[in-house]
Each structure stands twice: as structure tokens, then as C-alpha cells.
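Participant: Here the protein sequences line up with chains A and B, keeping their order.
Numbering-wise (the UniProt record's numbering), the first sequence opens with residue 1 and increments by one.
Numbering-wise (the UniProt record's numbering), the second sequence opens with residue 1 and increments by one.
Bear in mind the hints are in silico, worked out from the structure with no lab data behind them.
Keep in mind that a hint or two might mislead.
To be verified - Covered stretches of chain B, going by a simulated chain A footprint (3 or more residues, C-beta under 8 Å):
1. 99-113
2. 252-260
3. 263-272
Claimed, not checked - To spell it out: a stretch of chain B is covered by chain A in this simulated footprint if at least three of its residues, at any positions, have a beta carbon under 8 Å from a beta carbon of chain A; those stretches are:
4. 27-36
5. 204-218
Note that beta-carbon positions come from the ideal geometry of N, C-alpha and C, so glycine has one too.
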Amino acid sequence: MIEVFAVLLVTALATSLLGVFLVLKGQAMTTDAISHTILLGIVLAFFITADLRSPLLIIGAAVIGLITVYLIELVTSSGMMKQDAAVGIVFTALFAGAVILVSRYADDVHLDIDVVLMGQVLFAPLNRVDILGVSLPYALVQLTVILIINILFILMFYKELKVTSFDPVYAAAAGISTTLIYYLLMTLVSVTAVTAFDAVGSILVISFFVTPAITAYLVTKRLSHMIWLTLLTAAFNSLAGCTFGYFTDISISGSVASVSLLTFLAVFFCNKNGWIRKTLKSRRMLRKI
Amino acid sequence: MDILTSYSFLIVAIGTVILSAAAGIVGTISVIKGQSLIGDAIGHATFPGVVLAFMLFNVMETSILVIGAVLFGIIAFQLIHIITGSSKITLDSALALVLSGFFGLGMALKSYVQGNPYFSGTQGIDDFIFGQAAYMLKSDVYLIIAASVVSLVLFFIHYQQLKIYTFDPVYARTVGISIRFMNVLVLAMTIMLIAVGLKAVGAVLIVNILIAPAVTGTLWSNKFMTVLIIAAASGGMSAFIGTYISTALTGIATGPAIILALSVCVVFSMLFAPKGILAKRSRLRKLGEAV
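Using the sequences provided together with the hints, build the complete structure.
Facilitator: Here it is, written out as C-alpha cells:
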């Protein structure tokens with residue numbers, strides 16, 4: 001139980017940290033697209049190596065993730081369709097290809113459709129690795145490395161990320177390449193998503209990426225506050241979701257995603273500028289008039 | 001070849017072809033208005049509705065599960081509407097939030113149902129995720145036909161209003177078209193088609209049949225009517241090819257097969273349509289020669 005929670009917590013922190021900038025840049029649905037299409041990368045790499053622990057899987061997924069982003073950019077900038085239509089078409093096409101490959105050719109291996117959808121965090125502790133004589137879940141080690149990489153990325157490029165998120169025009173004038181930062185961010189998103197894949201699956205990982213950040217965005221005005229609050233929310237969601245899922249014996253990632261939505265709704269309706277206060281206030285105003 | 005004449009294939013193919021043609025027509029409005037991903041959020045959000053309806057009635061009857069799907073589709077849309085309307089959260093974020101939260105709820109409920117001996121015949125739930133036309137019954141096809149006919153009738157009764165609403169909402173308001181009613185109408189048609197289409201195409205990928213035909217249509221023409229006809233035709237044709245492939249080869253779900261066929265249409269149009277890449281190239285080249 002402790003180890004399952006640890007895997008989930010590290011996943012939540014690593015994903016939601018990037019989620020802050022994805023939400024600020026308006027790339028939540030692009031992230032959703034990536035989290036679907038990396039499955040194609042995983043499947044293709046798996047056909048080559050036949051080993052689910054091969055680093056080639058991560059590389060394959062990262063490449064497909066970047067191709068997704070690039071395709072969406074390419075199609076949108078050609079003016080042939082709007083960005084949202086491009087996202088919708090690119091990800092469904094690549095994901096459909098992946099689903100067919102999995103169901104037709106990889107039926108007897110560990111890559112089954114349920115794992116694709118919601119992961120199997122309960123099995124994470126079974127797959128172990130020894131580090132300095134201590135036996136740890138493999139997923140935990142892998143995700144901790146990713147978390148550290150993500151933290152380093154945010155620390156190193158904090159100023160650039162901030163400027164390109166809030167004022168892309170100024171960023172261009174100051175000689176900061178928005179495109180470069182964007183592609184770096186999206187590469188990390190792909191790598192993080194594929195590492196988290198085993199634990200939380202392909203579809204629910206989007207909840208881990210963006211929901212804590214959106215929740216924090218409701219009540220903060222400063223970027224630094226938003227980051228801390230996002231991490232706090234992510235930790236709370238995974239603790240509450242994990243506990244609930246564990247004791248009711250339901251899908252843990254499904255439970256975390258549901259709890260995350262509930263947390264958001266609670267904050268949305270009840271914070272001091274929230275929906276309830278706002279609606280009451282406008283009612284009162286109307287009555288006065 | 002015997003597949004083409006087999007009774008069960010024909011039933012399923014009729015269902016998917018009509019569904020995709022209707023979805024192509026209805027989806028055109030959202031695509032032109034730049035709101036195509038709302039269908040994605042609604043599609044995912046219907047899934048917990050399906051599972052809950054199953055839990056309440058304990059039958060795998062599509063007509064009952066569809067009611068749950070419709071209800072959750074409406075709840076999801078309302079939630080997106082409230083969130084974007086009264087906070088600084090953008091549509092993009094709200095869609096991702098609702099999509100993942102609802103689908104997560106569906107997954108949690110699904111794992112509860114499938115691990116519980118009280119419920120029987122739970123394997124059928126999986127068909128609603130990626131679609132499995134092979135298990136479609138005649139009643140499922142009737143349901144699709146009914147929903148498609150109703151939404152197409154609604155569409156063409158309000159054709160003029162919808163056209164103005166799509167291209168010029170400001171003008172629409174000045175000539176007395178209720179924007180609110182139009183929103184509800186488009187939403188109702190979309191949710192209806194998504195709900196009945198779940199068993200054929202699946203919750204995860206159903207948005208594609210609302211977007212891809214419309215995009216194909218807009219690449220070939222600027223006239224609304226022509227776009228609609230092309231969308232319906234490419235939707236119907238791809239659905240037929242996809243259903244055929246998924247019936248002929250084992251282990252291929254119908255939804256993904258239809259979507260790959262639709263994607264081929266889109267890529268083909270992006271290359272060869274009047275607004276496509278090759279036409280643009282040759283226009284530029286001619287321009288270059290003229291200069």
C-alpha cells in the first residue's frame with residue numbers, strides 16, 4: 001500500500017508540475033492528444049524490442065509525442081483546418097492505429113487494453129530493482145528520475161517559461177525562442193506520460209497533468225503560488241484517491257481522477273470568489289434593483 | 001466476398017453508415033465554429049453514464065444505457081459551460097478537466113462492476129470504450145437509425161437558421177434567431193448521435209466521426225450545402241470500409257477501423273482537394289511564372 005501510494009505520489013508531482021505551464025499556455029488538449037498517441041510509440045517500439053522495460057519504449061513514445069505536436073502545428077498553420085479540429089483528428093487517427101496494433105498483434109502480452117486505459121498501479125511494486133542494496137519498485141525509481149528532471153527543467157528555464165506563457169510577444173522581442181521552449185516542454189510531457197503509463201494508463205494521465213493545475217489556477221494570482229498549490233493539490237488528490245480506491249477495491253487511477261474532479265468542483269463552487277458567492281451576489285444585486 | 005452479402009454484416013454496416021453520415025452533417029457546425037473538441041469531452045463523459053445505467057437496471061440493453069449516456073453528456077456540457085462562464089478557466093482546460101474526471105469515474109465504476117459477482121454479463125461494458133460492431137444487435141441499429149433520422153430532420157427543418165448561426169452569430173441575433181435555442185439544438189443532435197454511436201465506435205474515439213467528415217468537406221468546397229453532402233458521403237463511405245475491415249479480420253475493433261478509413265479520406269483531401277497542399281503549390285508556381 002505504501003509503495004503503491006509512493007508511485008502514485010511521484011507520478012502526480014512529476015506530471016502536475018509540467019501541468020502548470022500546459023494550463024497557462026492553453027495546451028491542455030494538446031497534452032491529451034500526446035497522452036493518447038504515445039501508445040503508438042510504445043507499441044511500435046515494443047514490436048522491435050519485445051521488452052516492456054526497454055528504454056527504447058520511452059524514446060519511441062517521445063518521438064511519437066513530438067510528431068503529434070508537430071503534425072498539429074503543421075496542419076493548423078497550413079490553414080486547412082482549425083487547431084481544435086487538427087488536435088481531434090491527429091490524436092484519434094494515431095490512437096486508432098495503436099489500438100488496432102495492440103488488439104490484433106499484442107494480445108497475449110502484458111499490453112492489454114485495460115492497462116492502456118487505466119494502468120495497473122497495484123502491480124507496480126511487483127516489478128523491482130535493486131539500488132545500493134535496497135529493493136525498490138522499478139516504476140518508483142523511474143518516476144523519481146523523471147520528477148528530478150522536470151524540477152531541474154523548471155528551475156533552469158523558469159524565467160523563459162514564465163515569459164513565454166504570459167507574454168509571447170515580449171518573449172520574442174527579448175530573444176527567447178517560444179518554439180524551442182514549447183518543444184522542450186512537450187518532449188518532457190511525452191517522456192513523463194510514457195513513464196507514468198504503466199501506473200495510470202494512457203487516458204487518465206491527462207487528469208494527473210492538468211487537474212491540479214486548473215484547481216490551483218482558480219485561487220492564485222502569482223506563478224510561484226500556483227506551482228506550490230498545484231503540487232499540494234496533486235499530493236492530496238493522489239492520497240485521497242489512492243486510499244478510497246484501495247479500500248473499495250476499484251481502479252485506483254480511476255478513483256484518483258474522480259477525486260481530482262471533485263476537489264476542483266469543491267474549490268470552484270466554494271472558494272471566496274467561487275460560483276456560489278458570485279451567484280448569491282448577483283441575485284442580491286438584482287433584488288436591490 | 002460472402003461477408004458483403006452476410007445478413008449480420010449488412011445490419012451492422014447499415015447502422016454505422018447512417019450514423020457516420022448523420023454525424024458528418026451535424027459535426028460540420030461545431031467544426032466550422034471551432035468547437036469540435038466539445039464532442040470529445042462529451043464522448044468521454046457519456047461512459048460513466050453507461051456504467052451507472054447498467055448498475056441501476058442490471059441489463060445490457062442499449063436503449064437503457066443510452067439514457068445514462070445522454071444524461072451524463074448533458075451534465076458534462078453544463079459543467080463546461082458553467083466553469084468557462086464564471087471563472088478564468090479557458091475552454092481548453094475545462095474540456096481536459098471534465099473529460100478526464102468523468103472518464104476516470106467511468107473507469108472506477110467499471111472496475112467496481114466487473115469485480116462484483118452481483119452483476120452479470122459485465123464484459124459488454126468494454127464494447128462501449130472502443131466499439132464492437134460485431135456484437136451490435138438489430139435493436140441497436142434501429143436505435144441508430146431513429147436518432148439519425150430525428151437529428152437530420154431537426155437539422156434540415158432549421159437549416160436556414162443553423163446556417164446563419166454558424167457563419168454569423170451577430171447577424172443571426174439581429175434577424176431574431178435565438179442563439180440559445182440554436183446552441184441547445186446543436187447540443188441535442190450531437191449528444192444523441194454520440195450516445196447511440198457508442199456501441200459502434202466507442203467513447204474514446206467517437207469525436208473523430210464528428211470532425212473528420214466535416215474537415216474533408218470544408219477542404220473541397222466553400223458552399224455549406226456541398227460541404228454537408230461531401231461530409232455525409234465521406235462519413236458513410238469510411239464507415240462501410242471500416243466495418244468491412246473489422247468484420248473480415250479478427251481482433252480489430254470497429255471504431256478504430258472506421259477512424260483509420262476516415263483519416264485516409266482527410267489525408268487524401270489535404271493533398272488533392274482544391275484547398276489542399278498540391279493545389280496551393282501549383283497556384284504558387286503559376287504565380288511565380290507570371291511574375
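Participant: Each hint needs a verdict: does it hold in this structure or not?
Facilitator: Verification of the hints:
1. 99-113: n = 14 at 8 Å, threshold three: holds.
2. 252-260: Check passed, 7 qualifying residues.
3. 263-272: holds (count 3)
4. 27-36: holds (count 4)
5. 204-218: Since three or more residues must qualify, the claim that chain A covers the segment 204-218 of chain B holds, with 9 doing so at under 8 Å.
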